[in-house]
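Protein chains in written order, with numbering that gives the first Met the number 0: chain H, 0 to 429; chain D, 0 to 344.
Quick caveat, the hints were computed from the structure, so don't treat them as lab data. Where is the CB? At the ideal position from N, CA and C, for every residue including glycine. Each hint should be verified, as a subset may be incorrect.
Examples of chain D residues lying across from chain H (beta carbon under 10 Å, computed) [unchecked claim]:
1. R224
2. D225
3. E234
4. A236
5. T243
6. L290
Just so you have them, the derived chain H footprint on chain D, three or more residues with Cβ under 8 Å [as the list claims (entries may be wrong)]:
7. 227-233
8. 274-285
Quick list of simulated restraints, FRET-style, between CB atoms [claimed, not checked]:
9. G112(H) <-> I213(D): 20 to 28 Å
10. F118(D) <-> G112(H): 48 to 56 Å
11. E116(H) <-> I213(D): 31 to 39 Å
12. F118(D) <-> Y14(H): 24 to 32 Å
13. G320(H) <-> E244(D): 49 to 57 Å
14. F118(D) <-> N67(H): 50 to 58 Å
15. N39(H) <-> S156(D): 23 to 31 Å
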Amino acid sequence: MEQVSIQVKNLEFSYNEKPVLKNISFDILKNNFVSILGPNGAGKSTLVNLLSKVLSVSNGEIIIEGQNIKDLNHLEIAKKIAVVPQYSNIGFNFSVYEMILMGRYPYLSRFTGEKPEDFKIVDEVMELTCTSVFKDRKYNELSGGEKQRVIIAQTLAQNSPIIILDEPTSHLDINFQIEFMELFYSLHKKKGKTVIGIFHDINLALQYSEKIMLLKDSSIYRYGDVSDVINRTNIMTVFNSDVYIGKNPFTGKLYVSPNFNLNFKYTDTVKSKSREVKIHVIGGGGAASKILNILHNSGYIISTGVINNLDTDLYTAQQLGITFVSEAPFSPISDVANSRNLELIKNSDFVILPCIEFGNGNFLNLRAAEAAINIGKKLIIIDSSKIDLRDHAEGKATKLYLDIILKGAVVLKSEDEILKALSDIRHNYK
Amino acid sequence: MKTRTAKYFIILLLILAALIIISSAIGSANISIKSTLKTLISIIPKIKSLVPVFEINPQDFKVIFEIRMPRIFMAIITGIALSGSGVIFQGIFKNPMADPYVIGVSAGAAFGATIGLLFTSSIRLVNLSTTSIFAFMGAIGTTFIIYNISKIKGKISILTLLLSGVALSSLLTSIISFLMIFRTHDLTKVYFWIMGSFTNSSWVNFLTVTPIIIIVMIVASFFMRDLNIISLGDERASQLGVQTEKLKQILLVLASVIAAAAVSVSGIIGFVGLITPHLMRIIVGPDHKILYPTAAISGGIILLFSDTLARTILSPREIPVGIITSIIGVPFFIYLLIKSKKQVF
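Here chain H stands alone, though its shape is the one from the complex (with noise of 0.2 Å):
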């Protein structure tokens, strides 16, 4: 059976009365690694103080290896559990190496001082975080990430089994994030260290982390499995931003990137007299994933087809909640597929027809495109690049490509001008 590490049991929390926390309960295993995320003010560091006894439980419990937190005294709390904190400045100008040596604190008798195995430990954590060539110089003269180091050093000279980390990266450049988290994660993973994270940097706890706890007004949204916890709906839902999810194919990890509203100035104003607009994009490559985005956020109804499965196209549509029709990965657009995408296009008032690269396996859509021009439907072709370097059918896209603009599609330089040209048809038409 597995161990758990910290057990916390319907917890409240109010400063002045007002709750920061409310109703907390989640087991942290042993030799876990785990991320607190959520918005500013959701109680992250209240939660931290408290399983740290910075702040006294007042309603529920905590319990740490099996220990009533309110039975530890703050010697026995620093033993089990280190806290790194952001470094800041310090009052008194210490020197490095006496700074490393305060972690020693919880394990010194007042009246002897520090045995030889204390001076062992910080020669240890010394050589693990890289601190020993600068360990005479004073803390506060050194740079940022050096201040950091030392702190982390500190932490370690606890021996701890847990612990927890208090945004201790957000304000250092990437490399010092990277090395730092390695640092974490190598000693939860080689020495069993359970790890629990507060992060801004959503990223960087995905990166690491095992399990996501979720935050949001002062209640646990979710905690779980990453892949289980992030995604869109849920990180919509507690930081009100949209993001797109994506994985870091080297890595396997999830990633979130914002969906920012690249047309921000036409949304409001456009999102309500778009809702009854229905229009279908050609899919493929990629190539659609932008439009896509920038007609969800401006209210449209939009379906797109045909994509391959495994497309960017599709992974994007799938994210927004866009009807869709797909095919097979790697096949040529089927029968079936081809036809319910000219459903798709005969239900809509606009088709768009992407900057696309055509070969023969995806020139049906380029044939819906013009089928889409046939029915009397108001087609707009994104023509940033020149189509005979797009063209990978001997010629055969170039010419109906062509023969689709003489029909009299809407030409546009880039995706950016979509919303402006979509306005003006509209206009037009009235």
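Since the structure of chain H is already known, use the hints to place chain D on it.
Frame of chain H; chain D shown alone:
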């Protein structure tokens, strides 16, 4: 680290010993250094046989051991107390401007002493013990009130502590001024007491106050590692296992008792408790385990030096030692401020 501490300690003790000899040789009674040395040697066991008894002038002996020596040791122990408690206060408050008087010890002592000087019957024969007892009670009482004002839900608010210290101090100062309107003929006495002086030092005084100071200071010395960590900030100290609130309260009480004991016998001598910790921090670094004992001894040296000046430069007239410490201390303090503008501590 131990050897470094020992090195500083030996150097400081040698300076102190030299200063004791020099100080005991100078004064309004004209005794040569040679006779002083002979007199001093005559009381040291084992080597006292080096000096033939007939070479000791009984008059010199009396001046040195009954007038100068009590005063010298009084100055030393007061300097030790002020500087030691200054280190503790600066550590707790994490503030370079903190000194032993920051939470009302001085105003309380002055108030108590004023009451003692004005209203006890033996004013004429100023019985220093009466004044001292009143001053000690005033100092401890004031600190107690301020401490309780600042204690909110079991936690000490440093800001409230400083503010209520300032407020109560000015209230007490006003009361002292008010009392003196009615007793103008006692004004000089009160004024001299407030300025601080070792004129009335005696072995009795010294032996009464020294055990209190030494014992409390030794107790406090076991908390210097904690004080190091507290200076990193309360939250960090807590994370490293320090019971911040409890220790701050213990140290506040200990430091206040040390300061009150010193003030009650010497009056209010400024700047020693403020400057010496700064000076020693520059020399030995911020580690309180080293800073505390070395700053204490240095406080003794500085105050003995100041008092020797106080009683000799305008001899036979005497300047209150508080004036000397301020005259030496203020320019030095300003120099420190300018020199270390970038990092005040």
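Quick rundown of the hints versus the structure:
no.: 1; hint: R224; verdict: holds (7 Å)
no.: 2; hint: D225; verdict: holds (8 Å)
no.: 3; hint: E234; verdict: holds (5 Å)
no.: 4; hint: A236; verdict: holds (9 Å)
no.: 5; hint: T243; verdict: holds (8 Å)
no.: 6; hint: L290; verdict: holds (9 Å)
no.: 7; hint: 227-233; verdict: holds (count 5)
no.: 8; hint: 274-285; verdict: holds (count 3)
no.: 9; hint: G112(H) <-> I213(D): 20 to 28 Å; verdict: holds (22 Å)
no.: 10; hint: F118(D) <-> G112(H): 48 to 56 Å; verdict: holds (50 Å)
no.: 11; hint: E116(H) <-> I213(D): 31 to 39 Å; verdict: holds (33 Å)
no.: 12; hint: F118(D) <-> Y14(H): 24 to 32 Å; verdict: violated (50 Å)
no.: 13; hint: G320(H) <-> E244(D): 49 to 57 Å; verdict: holds (53 Å)
no.: 14; hint: F118(D) <-> N67(H): 50 to 58 Å; verdict: holds (57 Å)
no.: 15; hint: N39(H) <-> S156(D): 23 to 31 Å; verdict: holds (26 Å)
Checked against the numbered hints given earlier, this structure breaks only hint 12.
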